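Colleague: Protein chains in written order, with our numbering: chain A, 1 to 303; chain B, 1001 to 1296.
Honestly, I wouldn't trust all of these hints.
Pairs of lysine-lysine, DSS-like flavour, derived with a Cα cap of 30 angstroms [stated by the list, open to error]:
#1 A:K298 - B:K1129
#2 A:K298 - B:K1135
#3 B:K1135 - B:K1177
#4 B:K1173 - B:K1151
#5 A:K298 - B:K1175
#6 A:K298 - B:K1173
#7 B:K1065 - B:K1129
#8 B:K1177 - A:K298
#9 B:K1112 - B:K1045
#10 B:K1173 - B:K1129
So the derived list for chain A, only partly shown, Cβ under 7 angstroms to chain B, looks like this [stated by the list, open to error]:
#11 G190
#12 L194
#13 G195
#14 A196
#15 S209
Derived by calculation from the structure, the hints in this document are not laboratory data. Note that this is a predicted model, so its numbers are computed, not measured. Even for Gly, the Cβ is constructed at its ideal location relative to N, Cα and C.
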Amino acid sequence: MSVAATTAREVTTSSVATGKSRDRSVGSLAFLGALWFSLFFGVMVLVVLILDTAITGAPRFDGALITDYSSRVRPESTGFRAGILGSLWLMLFTALFAVPLGIAAALYLEEFSDGNRWWNRFIELNLQNLAAVPAIVYGLLAVAVMAFMGFQRTGIVLGGAIALALLILPVIIITTREAVRAVPQEIRQGSLALGATVWQTTWRQTLPSAVPGIATGTILGLSRAIGEAAPLIIVGLATGVRFDPEGLLSEITALPMQIFSLTSQSQEDFQTAASAAIVVLLVMILGLNALAIFIRNKFQRSW
Amino acid sequence: MSIKPATATAGAPSAADPSGFAAVHGEADRQLADVPPDPVMEAYKLNVYYGDFHAVHDVNLTFGKNEITALIGPSGCGKSTVLRCLNRMNDLVTGARVEGEVNYHGQNIYAKNVDPIAVRTHIGMVFQKPNPFPKSIYDNIAYGPRVTGMKVDDMDELVEQALRGAALWDEVKDKLKQSAYGLSGGQQQRLCIARTIATRPDVILMDEPCSALDPIATSRVEDLMLELRSDYTIIIVTHNMQQAARVSDRTAFFTARPDETTGNRTGLLVEFDQTRNIFSNPHDKRTEDYISGRFG
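All chains, full assembly: derive it from the sequences and hints.
Modeller: Right under this line is the structure:
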């Protein structure tokens, strides 16, 4: 054995088998501790908040909470039937308005537009900005749209749905574009090389492959919309509605609006009812998110 | 005329014949005219630009009916670009511009009144990476006829014909309704060939169709090309010189010439001849260097 080989082995042994790990030095451990603390703090605040709300609302986890209308004279049995139904109706029409528009806009931007044109770049830039616009602005926009269409009363299903649809439109467009972009270029080329048109390729190849991504993005958008109160306040949704929604033009309220109005009441029973309603709203949102996760996992495609 | 199928071993190069050309073609090779007697496609003064970048310079080529033409050359020599011009797939590249003519049965496919969609139904294309659609095997084949509005009396029969034509029927006949993604890479590529012939094209373009396949799958696709030659005109881009020698009747050798000022490499056609001449008796020094492995 040569001298060089022996030396090399000694060097290697002593420099590797040091008996300690630099990953467990004081600095590394302190940093790890800080990360853990941040995580713990963030999660704990959320857990405490939810638990506190649930405990406060616990006495009102009864049937009347979801089957009865709101009542000012009997605070101990006030219900959120109108709000829950109103929110569900709003979600339905928000999705009906926003999903086709959003998908169409995204498909135009991804599949048809020439990204080098200034107006397409201008639209793209503004889409990013729109996603960051405060929700209340969309309420104002919806009022303007309603006035433009000649409606005097704006606190109806149509007005609320327009506000929420405008609110989640940028989210749907952005997530749809991402889902569409994830479809490999080879699939489009394969289709076009067979003599399909761009439209056929989009409709029969790209869009079906992007559906899971689009559905996930849409549901996450809706779960944001269902918790919004600010744009609905601007639109002028009432809180004391005591009838079920009947159509696009029927006056409604929404769950977050009812919660908002009850929390400003002084009676203890109203506070309890509001907490219980928050739990109902959370369950609706978590349900939507769970559906999104389910769709993503079930239909996820690996190329 | 009998065609001796190429096998993986037959193309092994020997000292006397580094390309392995004679080992495959030998006496079974077809007698070809110097110039394709029955040209299906013709590129005339073809120039391609991507924005300001001059990608291909003045290419003149003639593709004969029922012949296999191979386009070979080092990376960046523009051979794939030329191939994509032949069915207007370059239209889909932003900023691409084509000058000159590509004549298909005498009709310039870059003329104003030509529909690129119609061009692609006559001139099919198989890509480098197998790209089956995320559908069943059956629907992969039926897709082309459906979107092009082809009149089909019996789709089942057409699917069977296409799969038999691509030598895939026996392997997949019991799982036509299953996803094409369950097939092996070689099977997927033959499915893509079947999908292309289902639309009854005239010309099939293949862009390095075997570069993602193992040697056995490659040899099957090569056998298939030789079978398809009796019905179709095939133009193939390949990086594999043995493959060009094994399957093609004529070979076009491209190279890249750097621009003196910008350093951008422009592709140009060096030599176009019968494959046997390109591999055994090239006229151009650059072809000889490339074939013998001295460059590229």
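Colleague: Go through the hint on A:G195 and say holds or violated, using the shortest Cβ distance to chain B against 7 angstroms.
Modeller: holds (3 angstroms)
Colleague: For the pair we were handed, B:K1173 and B:K1129, check the Cα-Cα distance against 30 angstroms.
Modeller: Answer holds: B:K1173 to B:K1129 is near 23 angstroms, not above 30 angstroms.
Colleague: Let's test the interface hint: is any C-beta of chain B closer than 7 angstroms to that of A:A196?
Modeller: holds (4 angstroms)
Colleague: Against the 30 angstroms threshold, does the CA-CA distance of B:K1065 and B:K1129 hold or violate the hint?
Modeller: holds (26 angstroms)
Colleague: Against the 30 angstroms threshold, does the CA-CA distance of B:K1173 and B:K1151 hold or violate the hint?
Modeller: holds (23 angstroms)
Colleague: Report holds or violated for the interface hint on A:S209, using the least CB-CB distance to chain B and a cut-off of 7 angstroms.
Modeller: holds (6 angstroms)
Colleague: Is the hinted pair A:K298 and B:K1175 satisfied, with a Cα-Cα distance of at most 30 angstroms?
Modeller: Status holds; Cα separation ~23 angstroms.
Colleague: Verify the proposed pairing of A:K298 with B:K1129, using a straight-line Cα cut of 30 angstroms.
Modeller: holds (27 angstroms)
Colleague: Hint check: A:K298 vs B:K1135, CA-CA at most 30 angstroms. Holds or violated?
Modeller: holds (17 angstroms)
Colleague: What's the verdict on B:K1135 and B:K1177, does the C-alpha distance respect the 30 angstroms limit or exceed it?
Modeller: Distance of about 9 angstroms is within 30 angstroms: holds.
Colleague: Using Cβ atoms only, decide whether A:L194 comes closer than 7 angstroms to chain B, and label the hint accordingly.
Modeller: At about 4 angstroms, which falls below the 7 angstroms cut-off, the nearest Cβ of chain B leaves the hint on A:L194 intact, so it holds.
Colleague: Given the proposed pairing of A:K298 with B:K1173, does the C-alpha separation stay at or below 30 angstroms?
Modeller: The given pair, whose Cα atoms are some 28 angstroms apart, holds under the 30 angstroms limit.
Checked against the numbered hints above, the structure breaks none of them.
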